[in-house]
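**Q** If you want the building blocks of each chain, they are given just below.
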Amino acid sequence: MAIIHPLLSLENVSIAFNDKLAVDKLNLDINAGERVALVGESGSGKTVTALSILRLLSQAKIDGQIRFQGEDLLQKSADELRKIRGADVAMIFQEPMTALNPLYSIGNQVIETLILHEGLTARQARKKTIHLFERTGIREPERRVDSFPHQLSGGQRQRAMIAMALACRPKLLIADEPTTALDTTIRARIVKLLLDLQQEEGMAVLLITHDLNLVRRFAQRVAVMEQGKLVESGDTETIYHSPKHPYTIKLLNSLPVRQIGPIAHNAPTLLQTKQLRVEYPKKQPGWRGLFRSGRFVALNGADVSLREGETVGVVGESGSGKSTLAQAILSLVSVKSGGLDFEGVPLAQRSKRERRALRARLQVVFQDPFGALSPRQTVEQIVGEGLALHFPELSKAQRHAKIVDVLTEVGLPTSALSSYPHEFSGGQRQRVAIARTLVLNPRVLILDEPTSALDVSIQNQVLRLLVRLQKKHGLSYLLITHDLAVVNALAHRLYVMHDGEIVESGDTEAVIANPQHPYTQRLVRASL
Amino acid sequence: MSIPAEPDTSPIFLGSNPALAPEHATSRAYAHVSPSRRLWLRFKRQRLGYWSLIVFLVIYGLSLAGEFISNEKPLVIYYQGQWFFPMLNNYQESVFGGNLPIYADYNDPFLREQFKKPGNFALYPPNPYYYDTLSYYSAGTHNPGPPSRENWLGTDISGYDIMARLLYGFRISVTFALGLTLVGTALGILIGAVQGYFGGKVDLIAQRLIEVWGSMPELYLLIIFASIFQQSFAMLFLLLALFGWVHLSDYVRAEFLRNRQLEYVKAGRALGLSHGQIIWRHILPNSLTPVITFLPFRMSAGIMALASLDFLGLGVGGQSPSLGRLLLQGKENLDAWWISVASFGVLVVTILLLTFMGEALRTAMDTRISGQRTD
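Residue numbers (our numbering), protein chains in the order written: chain A, 10 to 537; chain B, 431 to 805.
Incorrect hints may have been included.
To be verified - Once the Cα atoms are required to be at most 20 angstroms apart in a straight line, the calculated SDA-like pairs of lysine to any residue come out as:
hint: 1; chain 1: A; residue 1: K259; chain 2: A; residue 2: H482
hint: 2; chain 1: B; residue 1: K631; chain 2: A; residue 2: E288
hint: 3; chain 1: A; residue 1: K291; chain 2: B; residue 2: K631
hint: 4; chain 1: B; residue 1: K631; chain 2: A; residue 2: L341
hint: 5; chain 1: A; residue 1: K291; chain 2: B; residue 2: L634
hint: 6; chain 1: A; residue 1: K291; chain 2: B; residue 2: Q691
It is worth saying that the hints were derived from the structure and are not from the lab.
Chain A extracted, bound-state conformation (with noise of 0.2 angstroms):
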């Protein structure tokens, strides 16, 4: 009986870029039909190796073997090489917006392959292609075989790029977070339509992400890397329940845990929103757009209060209005209709000027950590912007020692107070946009998704800051996120917002345990 070789096998694999090495000495087995996870944080290497195993990277030294049936891939030439691109392995990307090309309709980028690699005739590939939309879920393939990138949904069009990727029937399939940049609930359809057309089609599939919970629910066999080494690899179940290597055990743990106090039975309500009412002018199809705009109503109605020392959630998708409920919070954006109250006094009835004091008290921290902060001011610049502003009396040396004490607060050392924001870490930055927001003493702040682009152990971290942090200063947190994970470990209370209308609210646990509404029911389904 013949010795059965691994389908792919990376041996002794090391790349680098530069003299810096990206991954060391790699070693990994993936067999037919298998389900494999390759987990890691950001610039862990797991993207490298995968776009290695195709040699799709350009500049970097790849050293070792990469045997795919037995052949190295290494060897061999870029003819021979095409050949097993999109044929035998195909892989799919991030983000499908980027990765389909614009100018051409969907259909047609896959009719491309299929005529590629297969030889089909046009009206053939044609037809093949329909059928593998109609497979992977693309409602009405007829029709949007000649559909553009851009016309699809974020889902739909990772939809597409899967179906690119079967057209061929592969061995071997190349995930490379294939749903990290989707909303949760068109995550798990997608997972789910991956682990269909794994078990009809007895490919294997390569996953790569840093999601733990897509991990368990997918993969068979778990490879973990840090800093470009494997540190282990098992059994899905096994790593699980006992892992290892420290690393593993830290980022198993960095899970959000359940952290929140008790809020006294007194506590005013400092935030209380009344029928709030967003609305976008949006432009009308065809000639009556020159001449009206018609409306995009992103927020309808909402009703959020907010009492002191309390966190609560408000849970959405993309485009459910959630960031435009912050942004009318802090007057970013105008508001259509509907009023705000403040500390119990209605915003409306304010001076401009006690509007601008006030918002010292009402702060925000924004998602993006590399957006949030200018790149061209010092950390002390950064922080010390605010207090210049809202407390004018304090002297120059008074600000200095207020800056030095929040940002020991949140856990930053002094040096890096004339730093730049680019020689930190995403969260350091996001320490940074906290102490900006902590250091003017404020009572409310909106959190508009502190951790999402944080690698999960160090959104851990940040939680844990920010419930320390409530808890010393009483602060009452308006947390604003995707992730029902973070909202279960943090909040209170929890609002769920649906096509700009808040479809259920209640306490965090009841909600989640029994969820009313058919959407909140699909989140809670999706997302545990």
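Use these hints to put chain B onto chain A, whose structure you have.
**A** Then chain B, alone, in the frame of chain A:
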């Protein structure tokens, strides 16, 4: 409530980048380097552009000190026990032993003889001609005259020393272009910033006005104005500056449109900063890439504009030295090759230096090319 025992203040630098641990921070070459300083360091590494900048600054510096390099008046005279400073005072010939009550011409062989007498002495600049010095006493051919020991680069059709004309012409050209660049850039930034920051109707209306303004034929306006008014530098400057900003404001507007969407601007608004503070402190420093990249190219465009107008006879007339008019003379007197060669050479070198600088700046600005990622 279950707060994990591990305090979150201790793992300060658990970020994804171990190079950021505090003990490493000081040893890193680019620690705490501001973005503008990083740009300068990257520019410095472009050797050609960096040396072009130095050479250009040296030449411009020399031309600014032109009075000490190319002048008909000696820097200092010691005559019969007394010190004279002809550059500060006008002395009559009679002071130095002449017999006419006219201002001294220091290139007069008689005066030169006087200063050579024992006990006397005069320190002449290296090139003893001002841009409007006529050498009455020279023995060689003039109007125009080929390069000689007296006139290193020859003389032009009026008998002026070409070396002196080029030196002062360069000074005027560069100063003019520098002023034009500064005013054009300031206007471009101002208008582009207002358009880009406020957007919407302001942008729409301003953009239409700019289109109308930009479609005015600049050259015709110059010709028309040249025929109505006595052409002067101020007039030329005004006309060129009025049209020079249009191009740049588009770029600044685009940068502002992009940057005002970013979260640090929203964070600034949430802090309660005024529009002016946000524009000045947050968006402007992050929108200067196209402005800085274009600076050298705008300079060379300014120099060329002045030279072309002079060449076409639409520039400033009179005695003032001008690269463009020297070129015109060269064209009209092809046999006097030294006129065209010298003036053409100066223009080529100037524009080349500026272009090298611009190229280097562009490379330094583009972080993708330089590969100098510090984060």
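**Q** Are the hints correct? Go through all of them and say.
**A** The hints, checked one at a time:
1. Restraint check for A/K259 and A/H482: the C-alpha separation of about 29 angstroms exceeds 20 angstroms, so the hint is violated.
2. Between the alpha carbons of B/K631 and A/E288 the distance comes to roughly 18 angstroms, so the proposed pair stays at or under 20 angstroms and holds.
3. Pair hint A/K291 plus B/K631 holds up; C-alpha atoms about 16 angstroms apart against a cutoff of 20 angstroms.
4. Simply put, B/K631 and A/L341 have alpha-carbon atoms about 18 angstroms apart, close enough for the 20 angstroms limit, and the pair holds.
5. With a C-alpha separation of about 17 angstroms, the suggested pairing of A/K291 with B/L634 holds against the 20 angstroms cut-off.
6. Distance check on the hinted pair: A/K291 and B/Q691 sit about 19 angstroms apart at the alpha-carbon level, within 20 angstroms; holds.
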